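Undergrad: Could you slot chain B onto chain A? The hints should help.
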Amino acid sequence: MSSEHAEHTLKVTKIRSGTVIDHIPAGRALEVLNVLGLTGREGLRIAVIMNVESRKLGRKDIVKIEGKKLKPEEVNMIALVAPTATINIIDDFNVVQKFRAEVPDIVEGVVRCPNPTCITNKSREPIKTRFVVIKRSPLVLQCCYCGTLIQGDEVAKLVIKHHS
Amino acid sequence: MHNPFLGKDVISILDFDRKALEILFEYTDRARRYLNTKLRVLEGKVVALAFFEPSTRTRLSFEVAAKRLGADVIGFTGEEAISVAKGENLADTIRMLNSYANLIVLRHRFEGAAKFAAEIADVPVVNAGDGKQHHPTQAMIDLYTVRTLFETIDGLTYAVVGDLRYGRAATSFIYGLTLFKPRKIYLISPPLLRARPEVLETLRMKGIPFEERSGIEDVISEIDVLYVTRIQKERFPDPMEYEKVKGSYRITVDLLRNAKPELKILHPLPRVDEIDFRVDETKHAAYFIQASYGVPVRMALLTLILGGEL
Numbered sequence: 005m006s007s008e009h010a011e012h013t014l015k016v017t018k019i020r021s022g023t024v025i026d027h028i029p030a031g032r033a034l035e036v037l038n039v040l041g042l043t044g045r046e047g048l049r050i051a052v053i054m055n056v057e058s059r060k061l062g063r064k065d066i067v068k069i070e071g072k073k074l075k076p077e078e079v080n081m082i083a084l085v086a087p088t089a090t091i092n093i094i095d096d097f098n099v100v101q102k103f104r105a106e107v108p109d110i111v112e113g114v115v116r117c118p119n120p121t122c123i124t125n126k127s128r129e130p131i132k133t134r135f136v137v138i139k140r141s142p143l144v145l146q147c148c149y150c151g152t153l154i155q156g157d158e159v160a161k162l163v164i165k166h167h168s
Numbered sequence: 531m532h533n534p535f536l537g538k539d540v541i542s543i544l545d546f547d548r549k550a551l552e553i554l555f556e557y558t559d560r561a562r563r564y565l566n567t568k569l570r571v572l573e574g575k576v577v578a579l580a581f582f583e584p585s586t587r588t589r590l591s592f593e594v595a596a597k598r599l600g601a602d603v604i605g606f607t608g609e610e611a612i613s614v615a616k617g618e619n620l621a622d623t624i625r626m627l628n629s630y631a632n633l634i635v636l637r638h639r640f641e642g643a644a645k646f647a648a649e650i651a652d653v654p655v656v657n658a659g660d661g662k663q664h665h666p667t668q669a670m671i672d673l674y675t676v677r678t679l680f681e682t683i684d685g686l687t688y689a690v691v692g693d694l695r696y697g698r699a700a701t702s703f704i705y706g707l708t709l710f711k712p713r714k715i716y717l718i719s720p721p722l723l724r725a726r727p728e729v730l731e732t733l734r735m736k737g738i739p740f741e742e743r744s745g746i747e748d749v750i751s752e753i754d755v756l757y758v759t760r761i762q763k764e765r766f767p768d769p770m771e772y773e774k775v776k777g778s779y780r781i782t783v784d785l786l787r788n789a790k791p792e793l794k795i796l797h798p799l800p801r802v803d804e805i806d807f808r809v810d811e812t813k814h815a816a817y818f819i820q821a822s823y824g825v826p827v828r829m830a831l832l833t834l835i836l837g838g839e840l
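Residue numbers (our numbering), protein chains in the order written: chain A, 5 to 168; chain B, 531 to 840.
In isolation and in its complexed conformation, chain A is listed as follows (with noise of 0.2 angstroms):
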């Protein structure tokens, strides 16, 4: 089976009303919608395509969600594991807008700190995690409590789960 075929079989029907992320680094697609605070069990109708051929990354991950439109903070979340990802707004099944995720200046609530003594890892403290961007490409990220840095792969991995 040619990689063209395998690509076209797993072709989704294109959404009527949402977000389309798209270039997601083969493998991430599941972290994205982790970000996102999706598990699923929201009632969204959502497609998870995962590794198909994409001639800016050679493989990429797709994302479609039905009848949510991503606020661009939420959007911009994505960035902390899937820098190359494009965001397209969906309306009456044409593209209304399209954007890049970009890290916010500082990121918090969304990515634990790994330093098991940080304040935000003490139990019963109504506490959120707080990171400010030190460099963004490759990302480095400093814990605003204890100074902890975190970088690239490292970050996704600390994603908070299903923080929403």
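The hints are simulated quantities; they were obtained by calculation from the structure and are not laboratory data.
Warning: the hint list may mix true and false statements.
[Unchecked claim] Derived BS3-like pairs: lysine-lysine, alpha-carbon spacing no greater than 30 angstroms straight-line: (1) Lys-126/A - Lys-763/B; (2) Lys-139/A - Lys-714/B; (3) Lys-126/A - Lys-60/A; (4) Lys-126/A - Lys-616/B; (5) Lys-568/B - Lys-597/B.
Remember, predicted model here, so these are calculated numbers, not experimental data.
TA: Okay, now just chain B, sitting in the frame of chain A:
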């Protein structure tokens, strides 16, 4: 005079610049005249000392400083005696102290505890040590000591020796030096206890010349200020490893034979056996002078934060 400390939290030495520290040092010079006097500078103010971790020097010197200035002092040491033992969280303890006191001095074993407390409290919070991260008032004392001994902090060669990974005093001293222009900083530690990546990153970003090394002998002749800290046995997963390295970081009269005559040794104390007692009698030993500055530096700091005059 603009007072850069007025109403401010003191979380990290990096929250301030050299101009601010120079004002603090001038106030410290003045405070030293009043070490045996009861002043009324902070009369009517309450200073809360919240020490969730044990402390002798830091706690007592804060207490003496506040009392010399005429403030009332409340507080606790350890978690057993207070409601934390009943399960109260830090946030609630801070809210309570915030309603009792005009300033909170906090020591806690979690990194970032002081910053978190400062976000909750309306009154200023002074970090008296948060885990392995910061000990800004110790760094103020250390820098003041260097300034007093050498009449400058710039242009000197420093060696910071010992546990640079978990030692908050060493970390804050290194951070403090980045506000000045040291000629070079040698970071001397066993490989397991090297300075943390964020500390090295700060040195790089601020363009401070530094070098990481495992031994002191080769560089002792270059050094003006030797800052020694304790290497704790419990930091080593293997006790044999500790036994192997502990001797290499011990400061002895023998080692100092090759030192510059003007070299001064600092230590945040307590020391165990990292500085041989015979070194105490040499003109290199400056750690007791350094310890004696604990009260006046903290007097100056409390005065400036609470808007008093010295």
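Undergrad: So, for every hint listed, does it hold in this structure?
TA: Checked hints:
| no. | hint | verdict |
| --- | --- | --- |
| 1 | Lys-126/A - Lys-763/B | holds (26 angstroms) |
| 2 | Lys-139/A - Lys-714/B | holds (26 angstroms) |
| 3 | Lys-126/A - Lys-60/A | violated (43 angstroms) |
| 4 | Lys-126/A - Lys-616/B | holds (16 angstroms) |
| 5 | Lys-568/B - Lys-597/B | holds (7 angstroms) |
Violated hint for the displayed structure: number 3, the only one.
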